[in-house]
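Engineer: What follows is the residue order along each chain.
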Amino acid sequence: MRLADFNNDDFDRGRPRLVEAAWRIVEGLLLNSWLPGSTWRVWLLRRFGANVGQGVVIKPHVRVKFPWRLRIGNHCWIGEGVWIDNLAEVSIGSNCCISQGAYLCTGSHRWDKETFDLETRPIVIEEQCWVGAMARVGPGVTIGEGAVLTMGSTATSSLNPGWVYCGNPALALKQRNTTTGQERHV
Amino acid sequence: MRLADFNNDDFDRGRPRLVEAAWRIVEGLLLNSWLPGSTWRVWLLRRFGANVGQGVVIKPHVRVKFPWRLRIGNHCWIGEGVWIDNLAEVSIGSNCCISQGAYLCTGSHRWDKETFDLETRPIVIEEQCWVGAMARVGPGVTIGEGAVLTMGSTATSSLNPGWVYCGNPALALKQRNTTTGQERHV
Amino acid sequence: MRLADFNNDDFDRGRPRLVEAAWRIVEGLLLNSWLPGSTWRVWLLRRFGANVGQGVVIKPHVRVKFPWRLRIGNHCWIGEGVWIDNLAEVSIGSNCCISQGAYLCTGSHRWDKETFDLETRPIVIEEQCWVGAMARVGPGVTIGEGAVLTMGSTATSSLNPGWVYCGNPALALKQRNTTTGQERHV
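Chains as they are written, first to last, in this note's numbering: chain H, 398 to 583; chain U, 398 to 583; chain G, 398 to 583.
Incorrect hints may appear among the rest.
Pairs involving identical chains hold if they fit within one copy or between any two copies, as the list cannot separate such chains.
[To be verified] In silico PhoX-like pairs for lysine-lysine, Cα to Cα no more than 25 Å straight-line:
(1) Lys510 to Lys571
(2) Lys571 to Lys456
(3) Lys456 to Lys510
Derived from the structure by calculation, the hints contain no laboratory data.
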């Protein structure tokens with residue numbers, strides 16, 4: 398690859414550069430700070446175009462690349478230090494928990510091309526999912542309804558609804574059981 | 398799960414909200430800062446109730462959720478960027494090295510219940526352990542005396558004394574050998 | 398191990414303590430900040446002894462332990478939040494992409510010795526490599542020309558040229574194919 402030949406002019410950033418620059422300042426000084434409080438974080442994200450539902454909690458040290466490509470349903474939790482690197486749309490259904498330190502990555506590169514072209518693909522997290530602490534989710538991944546990605550695991554392909562995934566790459570470990578209380582603490 | 402039904406009123410935070418708020422400020426501005434120096438970090442942690450032994454080194458960018466639930470023995474090292482997320486007690490024996498970027502997680506959720514109840518379990522790290530850089534330790538884990546968790550590995554269950562663990566979930570790789578000098582650099 | 402007996406007096410830090418202290422301040426306030434801009438970051442690194450080529454992009458939140466032990470070729474990208482923990486030399490060839498959150502670790506400890514001696518070993522990343530987001534590279538690792546380490550993976554031994562590695566420890570997954578465009582999105 399020859400990174401000098403990389404050309405990203407066709408990438409649609411979704412907002413004028415001035416808006417993006419303003420967001421970088423707001424993110425750097427406020428959203429990503431240690432300052433407590435969730436309501437004002439939700440307000441800031443909405444002001445910059447995020448679609449955020451009711452009852453959403455956003456903890457300190459969170460990073461969001463493009464708020465205008467973020468959709469969060471109702472009653473979600475975005476944990477401390479979560480990094481939503483949404484060059485492409487990230488959509489999080491209602492009643493999801495994205496735990497502390499999780500990383501959602503929508504950008505990859507064509508490693509098979511000399512020009513290492515950027516390739517972005519959306520992430521869809523359906524309702525009632527749990528992305529564990531320090532977990533990583535790759536471009537184009539859909540996390541099916543109710544699926545769980547355990548702490549520190551890396552999802553490089555989509556996860557089936559109602560299953561628990563672990564490892565790097567994350568593999569199906571067992572079905573999530575919401576009735577017995579037997580299966581937990583992975 | 399229905400996160401609107403989540404109820405954490407029974408969780409004992411261990412200190413009045415005002416003390417916790419003060420700690421968040423101290424942590425955000427000082428403990429977690431880039432400022433060099435270990436002695437004053439130890440002093441701050443003790444002021445907020447941590448039980449910290451002699452000869453302990455605490456590097457910059459460290460986070461501690463509740464200092465009043467932290468116990469560190471003598472001659473331990475807490476590396477740069479370590480995150481001790483101790484909703485429940487974290488106890489670190491003497492002569493332990495917790496390397497840079499490690500994450501100790503004491504909180505989980507009942508994923509089998511609609512109310513997604515918080516469930517906290519203590520972490521015990523016995524003497525002479527080494528938690529490698531960027532390693533993750535889950536709730537309820539005991540790391541047996543002298544065990545090693547390698548860089549970037551994730552311990553979701555307890556580790557036997559004197560063994561070296563690697564992977565996610567971390568599996569026993571080999572015995573730690575403190576005499577031959579053959580086994581190292583994993 | 399007895400960390401009270403640890404002795405690091407023989408470790409050559411490469412610069413006087415005053416220079417190192419100055420760098421810590423510059424790194425803490427500037428290099429590692431959210432402030433946008435790459436050119437001035439390259440300039441700072443060079444001022445402190447780094448050998449940085451032409452067309453190098455360095456994103457915000459980057460950490461470098463010792464700039465005087467850093468060599469970066471031409472047209473490289475150092476992503477947001479990359480942590481170059483270079484107690485020993487880190488050498489990055491031209492046309493490499495070190496993605497966001499990656500961690501390059503040159504220091505280990507003799508876990509077989511009571512004195513837990515520090516042992517540092519250089520990292521060599523040859524030309525046209527891609528170290529994925531949140532990937533970890535251990536001491537003494539050479540990443541062969543054109544190799545890829547996928548997101549969140551941990552390289553604890555050297556990677557062969559032209560192969561794609563995944564997991565912890567990272568294992569060879571497939572050959573990188575720069576002609577067909579079939580193999581991507583791991």
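Engineer: Compare the structure with each hint and give your call.
Structural biologist: Against the structure, the hints come out as follows:
1. Only between protomers do Lys510 and Lys571 lie at most 25 Å apart by alpha-carbon distance; the minimum there is 16 Å, versus 38 Å within a single protomer.
2. Neither within a single protomer nor between protomers do Lys571 and Lys456 lie at most 25 Å apart by alpha-carbon distance, with minima of 30 Å and 39 Å respectively.
3. Only between protomers do Lys456 and Lys510 lie at most 25 Å apart by alpha-carbon distance; the minimum there is 23 Å, versus 39 Å within a single protomer.
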